[in-house]
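Trainee: Keeping their order, the protein sequence lines are chains X and Y. Sequential numbering of the first sequence, starting at 1, is according to full-length UniProt numbering. Sequential numbering of the second sequence, starting at 1, is according to full-length UniProt numbering.
Wrong hints could be hidden among the right ones.
[What the hints assert, rightly or not] Derived Cβ-Cβ restraints for the label pairs, each shown as a range:
id	chain 1	residue 1	chain 2	residue 2	range
1	Y	Q139	X	T132	50 to 60 Å
2	Y	L56	X	A108	34 to 44 Å
3	X	L36	Y	L56	49 to 59 Å
4	X	H49	Y	G315	58 to 68 Å
5	X	Y124	Y	N8	34 to 44 Å
6	Y	N243	X	R322	38 to 48 Å
7	Y	Q139	X	R115	29 to 39 Å
[What the hints assert, rightly or not] Anything over 12 Å on all C-beta distances counts as not near chain X; from chain Y, calculated:
id	residue
8	T187
9	I192
10	Q222
11	Y249
12	F292
Hints are computed from structural coordinates only; laboratory data are not their basis. Every residue gets a Cβ at the ideal spot worked out from N, C-alpha and C, and that includes glycine.
Here is how the chains run, residue by residue.
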Amino acid sequence: MSSTAHAPAAEPASPLLEIRGVEKRFSLSGDFLEQLKFKGGKLVREQKHVHAINGVDLDIQRGEALCVVGESGCGKSTVARTVMGLLHPSAGEIRYDGERIDDLSHQALMPYRRRMQMIFQNPYASLNPRMTIQQTLEEPIRLHHPDWSAQRVKDQVAEVMDSVGIAADWGARYGHEFSGGQRQRIAIARALAVDPEFIVADEPISALDVSIQAQVLNLLMEAQQQRNLTYLFITHDLAVVEHFGTRVAVMYLGRVCEVAPTATLFARPRHPYTQALMSAIPRLEDDRPQHIRLQGEVPTPVNLPSGCVFHGRCPHANARCRSEIPELIVSDDGSQVACHAVEEGRID
Amino acid sequence: MALLDVNNLDVRFALRRGDVQALRDVCFSLERGERLGIVGESGAGKSVAAFSLLNLIAKPGYIAGGSIRFDGQELTAMSDRGLRHVRGHRMSMIFQDPMMTLNPVLTIGEQMVECLKAHRRISTKEARAISLRKLEQVQIPSPAARLDQYPHELSGGMRQRVIIAIALLLDPDIIIADEPTTALDVTIQAEIMALLLELCEKHNVGLILITHDLGVVSQVTQRMLVMYAGRVIEQGPTREIINDPQHPYTQGLINALPQMATPGARLNQIPGSMPSLDNLPSGCAFHPRCGFLKRADGSTRHACTDEVPDFVTSGNCRVACHMVAEMLDRERIPAEEIR
């Protein structure tokens, strides 16, 4: 039973996107013959998996920017790709606007593909080097609106180029002629070209310089206001989250450990991992590192720890944490925390 | 005299279309045990500055002028043999990507012993004992076992700890760290930075930290340089620059950080992007992006577009900006008139 079922009844309209108990495993053992091993004189079949995400429940409300944060390997990009249908979940379901989309055929998914668009991390890799900017931006429009006239397509391209601050006469140029920040603007324009309502942005500013990050973040916020967009924003940078996010989901080793409105989370992080993560952000006003020291390092997602995935590094872990997996529990301030210590009141 | 004194350093890259000047008039110094941050965006020249200290600039790059004096010796005029003695031994370097720095076909122990034996006449046994002590200092779990492991068996954070241990192996006077934590996660980054700071303080080792992260600079360093398009544009005590930046670029860089803005509000962005080094704007390289080209009364400050700004001293900081120079002049005159 997922804890989201007993969320407050005062919830407004149904969420735009619902992620229910989604799991994704990647096989490490190759094909059937490679899985066969000799053990103790017997032929046995062994399968190893990377458990990228294990039972993630998330709702994304219309018009909000849900930020997913976590360190590398926590499964945040897998969540983004699974939502977009680029990966098929091993278990669980994804609903978009009330309709289940994770089991649709390629053809049936097409209308949703227009409504959901994605922006990738590396603008050097996400633009086709052999296409001009004009071609890059026309392609999704032609694909989703085969009935549009050439002029209408051109007008639409001109409109999105203008809205991201790329001069319309640059359309004849190729991706390599632009700087990183400009390329990311083009990638954003490509996502906006088909008038989507939902955008998944996977670390869209991590590859950019500080002064350019601000330009791109401003652009994403403007687009959200003007087009009433909903974002699923994947990042590892908590300072960006604090600025950009409506709500934040913190992930650790394939599980969501805390979901809360941004202001609530930053004022009062409750999960021990969230607390450690937030203390590790280097702040301008610090004269020395002020982080909470965690024991050890992130365990491998191949052999998941029993119980709470964080127990090996948590200063508050006890016997229950080592055996029982904590579920997200809604607390009085609207945040959801998956932690036995918080639930039992052992920590504040 | 400072331990390290860099003056008017000029580094160029000889390309077919002509020389590209990667560093111009770079001046800074480092006292024994001092921690200096070099901040700037990609292409500002911060890594070139660090590499040139040990004359590690790869061809077609070369040091075209200026001096680097280290402990009384001129490094730019030194023979390869002399430089080899300085590298690793007196000044060591930590690079960004721990996987690229470690040799994948040698065990950690072999790499550490190799480094020690290259500089000192000692037995393998002694070298292993020193290596083990250094691994203990960087707080690696089960250090004795690590000596016989290969780099791929360690996590990113542990590899960077090994690199720090190697950098400390010969008890250098200065460690140059080029974005040492950029490839790591935030919690690991915090651990590594705290460790580096602790070791530098404990052994009185100087640190030159190259980074784009102003938060890290503020936590770790005592003084900082801000670089833009191959020049140092502002330098001084870290706390003073962070709290009260003088140069419009430094101001823009700090104000562009999301932590400086109210959540959800528009961020203060610097328009445009850094110019390419082979096509620098005239005058101050920052002028096309600068918001202070016009004076408060609306008149244009022609110096910004025509002349390269010199350093002026403002408090404990040195700033290369015509506007700051003008403001300082204006403040100075009334003070003298009163007298």
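Trainee: Looking back at the hints listed earlier, which ones does the structure fail to meet?
Mentor: As far as the earlier hints go, 2, 7, 8, 9, 10 and 11 are violated by this structure, in ascending order.
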